[in-house]
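Sequences listed follow chains A and B, in order.
With the first letter of the first sequence counted as 1, position 172 gets the number 172 in the numbering used here; the numbers rise by one all the way through.
With the first letter of the second sequence counted as 1, position 61 gets the number 61 in the numbering used here; the numbers rise by one all the way through.
Note that these hints are calculated values from the structure, not bench results.
Careful, some of the hints might be misleading.
Since the list can't tell identical chains apart, any single copy or any two copies may satisfy a pair.
Calculated lysine to any residue pairs in the SDA-like style (CA-CA distance at most 25 Å, straight line) [stated by the list, open to error]:
#, residue 1, residue 2
1, Lys-68, Gln-47
2, Lys-106, Phe-158
3, Lys-5, Glu-186
4, Lys-68, Glu-22
5, Lys-76, Ala-134
6, Lys-50, Gly-129
7, Lys-5, Leu-206
8, Lys-125, Asp-161
For reference, the chains in residue letters:
There are 2 protein chains.
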Amino acid sequence: MKFLKIPAATITRLSLYTRALEDLVVEQVTVVSSKTLAELCGVNPAQIRKDLAYFGQFGVRGVGYYVKELLFDIKKILGLNKDWNLAIVGVGNLGCALVAHENFTKQGYRFRAAFDADPMKIGRKLTTGLLIHAPDKLGEVCRTEGIEIGVICTPPNFAQDIANRLIEVPVKGILNFAPTQIQVPEGFRVENVDFTVKLDNLAYHLTAG
Amino acid sequence: MKFLKIPAATITRLSLYTRALEDLVVEQVTVVSSKTLAELCGVNPAQIRKDLAYFGQFGVRGVGYYVKELLFDIKKILGLNKDWNLAIVGVGNLGCALVAHENFTKQGYRFRAAFDADPMKIGRKLTTGLLIHAPDKLGEVCRTEGIEIGVICTPPNFAQDIANRLIEVPVKGILNFAPTQIQVPEGFRVENVDFTVKLDNLAYHLTAG
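Construct all of the structure, not just a fragment, from the sequences and the given hints.
Structure below.
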């Protein structure tokens, strides 16, 4: 399944649509208009229709979208109709917060392995029951657990080394929380999470607005 | 200073450009071509020129951009030519990780106040030296410290109450890490941080790619 030239912003919005649709499922809403869905997502209805149009025909004119059906379809587009096996590397405050964060599980992201270089942590378990391994077990444990995505939460100076080991496993992609740029082979997918980018957005609007 | 109809993606990219430019300043690079800057940011040169064109004329044809000058100008556009005073509400694993995160300080975001409802934490200090207050001190402490942005890291069921209190202070904006939608008065600015959106992006590309 290949969809070329889909704007990154569309993918991000599809992700937000699934959040709203999941809430509607919980509230037992079966049909939603693009107007209501748009309000829930903080976008305009035309945007939703435009984003979905990249992937086919959705919804029924004059009726709206069938909630469960649209959720299923968007999840399929995003590759979320399966669970993903994750490894966390670095279980300091941030790593622990991520592993315990309910959104990951809700979205089908399962932490299956944890690593930390701190001898005080190795061999102990996280509150979720996940055993903390030494980094030199990374290849072995990740292969055994079928890890697909590595999540890096180490201090910045260790991030590249960990990335190299994850690529060697091989995992399919990396989510990097370390505040540093990671070099990866061409075609290998890394998403960087920088909290301050959101703050810059806020600062811009508080200044400009 | 008002710039209307600037795409949100442009603001996010400007934020990324400042990260690359700051690295160049550290490396004592004084001039950078749009090609090199584009490579450092993982975008194409035309994108940089287009993003900057919203705000005026930057760079010198045949020379490139003066690093410090461009950094100064983009920071001014983003409202980052000043420090911002932040309060953190909820100092669990995630809250502690944020307060200690070097990127915030580097970008001029200063945590000036911390709050938590846990009686075991109230009156204690974070590793950064910041005193943890009870939530009922929120209004008083935030006003004394001149807090402009509230950062919510509470469990989801407390987030709305804390948001209401922050709006009452009043703070200018909220950065919300709690996995729930917060209702705010029209015109009040909230940025939501949802880590799993980045993972959805990754999942999409690992599936579609």
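Hint-by-hint comparison with the structure:
1. Lys-68 to Gln-47: within (20 Å within a copy, 38 Å between copies)
2. Lys-106 to Phe-158: Result: close only across copies, 19 Å inter versus 30 Å intra.
3. Lys-5 to Glu-186: So Lys-5 and Glu-186 pass the 25 Å test inside one copy only (18 Å; across, 34 Å).
4. Lys-68 to Glu-22: within (8 Å within a copy, 46 Å between copies)
5. Lys-76 to Ala-134: neither (35 Å within a copy, 45 Å between copies)
6. Lys-50 to Gly-129: For Lys-50 and Gly-129, neither the intra-copy (43 Å) nor the inter-copy (49 Å) Cα distance is at most 25 Å.
7. Lys-5 to Leu-206: between (32 Å within a copy, 15 Å between copies)
8. Lys-125 to Asp-161: within (24 Å within a copy, 33 Å between copies)
Going down the numbered hints, you'll see the structure goes against 5, 6, while the others check out.
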